[in-house]
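Visitor: Read off the chains here:
2 protein chains.
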Amino acid sequence: MKTNERSGTQPTASDVARAAGVSRATAARVLGGYGYAGSEARELVLNAAKRLGYQPNQLARSMATGRTKTIGVVVADIENLYFARAIRAITDTANAKGFDVVLANTDENVDLERSAVRVMLAKRVDGLIVSPASSVEVDHLVEARKMGCPFVLLDRRVPILQADSVAIDNFAAAHEAVSAFVGAGHKRIALVSNSSLQGGQKYLTSPVRERLEGYKAALQDAGIRVDSKLAIFGAGDNDNLARKVRNLCQSEERATAFLAVTSAVALVILSVFREVGLSIPGDVSLICFENADWTIAVTPPLTVISQPIKELASAVTERLIGRLEGDLTSPSKETLLAATLISRGSVNTPSLD
Amino acid sequence: MKTNERSGTQPTASDVARAAGVSRATAARVLGGYGYAGSEARELVLNAAKRLGYQPNQLARSMATGRTKTIGVVVADIENLYFARAIRAITDTANAKGFDVVLANTDENVDLERSAVRVMLAKRVDGLIVSPASSVEVDHLVEARKMGCPFVLLDRRVPILQADSVAIDNFAAAHEAVSAFVGAGHKRIALVSNSSLQGGQKYLTSPVRERLEGYKAALQDAGIRVDSKLAIFGAGDNDNLARKVRNLCQSEERATAFLAVTSAVALVILSVFREVGLSIPGDVSLICFENADWTIAVTPPLTVISQPIKELASAVTERLIGRLEGDLTSPSKETLLAATLISRGSVNTPSLD
DNA sequence: CTGAAAGCGCTAACAA
DNA sequence: TTGTTAGCGCTTTCAG
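Chains as they are written, first to last, in the numbering used here: chain W, 54 to 406; chain Z, 54 to 406.
The hints are simulated quantities; they were obtained by calculation from the structure and are not laboratory data.
As the structure is a computational prediction, the values presented were derived from the model and not from experiment.
Treat each hint with caution, since some may be false.
Since the list gives no way to pick out one identical chain from another, each pair is judged satisfied if it fits inside one copy or across any two copies.
Quick list of in silico lysine to aspartate or glutamate cross-link-like pairs, EDC-like style, CA-CA up to 20 Å [to be verified]: (1) 150 / 160; (2) 199 / 68; (3) 297 / 164; (4) 363 / 387; (5) 103 / 192; (6) 363 / 266; (7) 103 / 196; (8) 269 / 93.
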């Protein structure tokens, strides 16, 4: 049986060549858009292709060229507004540059992340954009690099990797928010996160760690003692976190201002406030990270820290594509983007109980 | 130069074979997990593979088998909570069945959808899950089918395609919500959507169309005249939609109850209410589709229609994989899942102005 | 400008 | 059980 037989349903470049009456190489050249081709041959091929409904096979193309024009994106939580927006922006800028995107979700779980990276390597993506779940267990990223698959870190930094990264200046953002509280007269200011503090600070992701540091620094700069009881960490479990917040609200020396590390945390805090009868901004003040749409629909509208997600995503994508297109040598770079404090109605002078 | 030379960085199955001292076929058999292999040969190969850091090349594998074990997901808006959750659930169940997922976003734009589908076909995904932006322009889906790439519709139905689909029973859900309003004594009930009504109802996506129909039917069942001024459609533009809602709120015969087609629309409505000084549930009642997290953080908590997204996504994925694994013949099936009305604090008896 | 032929890394008959 | 031999559909020298 000849190799050029009809193989089933999908027409191949050979089929087109035969239908056009030219050689496979010529057909392939015009279909693939490379090499020379006479104008009449081109015409013939294009017609035949249209007639047969030819669709190029990217697998075969990648197989031959060794490049897939695809970048893999590995994020911790696609249901998180912040990452959803980032993914959206990443695919937009990648597409604009001729790259496709494949996505994987890790649920903040290192094992899932490891296997996601493995799958991407097997699919031979040209490069990776990753928001690593851990700043310690990064062996799979080291391996990716070793296999010649460059990566850029999204939103999270991992110093030991010496990798390219694009993130928010979380230290400055937290510092600014806390300073705003201080400026309004607050002294007992709480930081609330749903990350687990297990194993110590170094196991926190860099954004959370840096926000904590910015928080402490701002207090110190204002001459306020840092009270560890005011820094609350959950464990991904909202009920548990709510309990801790409730305790703090009902203690003798309750906080008068709260900085929520994410909008999801702010939601938990709001429900506790309602439950214990604290009202914003009369009784307590609140600022949260992430400018979620709903924050202007509550009463009062929330003062938030808005992050330039689109810029972040474009920057990370462009950095990676830069690497892919030849810039293998320049040293790794950590890019930090500034967040913006948007003042709305949730910060006020503390009431004197 | 022999073909088995070290080609650069990535070791191939041949490299492993040579290092293990067996034939390429044997090595391939154990590495690929198919065919027979003696236990000592297997041992040898596995060791060599580990030593060289062998990673299989999926491209080559797919090339040879004709299957990629990958499904393409094409959604209208990844930033939309509803789709984000669906994507998450789809990847989870696909992974559990040994499939990878590649994702594309279309922004509700048919041209982007067309090109996304084309890319997926070029990547030779085994099948597609699509929430089509249009129920009219579906030529690319017809083409996909013709090329032997099965697809299942997610959340949206397109009768003319005669395709498998899994969606919510939107008619019943809207009917139930409106009946709840009626039961509380409302007569002037509005439906608000940000879809464009341009070109008539048939251009609406099926969920919006069916919600509109359920809304009308419920009114008729209650003996209430359907007033077209009470069905508000935007055009994706929030400011414009807000203006229309404001007009309705300030007109002589304002509505006393609002059914929002999405949580994003509810946000727009809430801001208008605040602006014109209408309070829930004293002055107006509100129900919205989508059980977004924030709906319990506003005052009062919103009565919502909760959709079983996870079940929806599992069902759609399983249906597709079923098709992929041999069930090519059975007729297409439209699955409808029931939504649930969750009563919270935003529905009340209408005030008498 | 066009055609012939080799090869990307793997799977899959078939023979030994 | 193992090895041999064809391909999968495309790109890419290298001659003609």
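Visitor: Honestly, which of those hints from before does the structure not fit?
Guide: Checked against the structure, the hints that fail are numbers 3, 6, 8, while the rest are satisfied.
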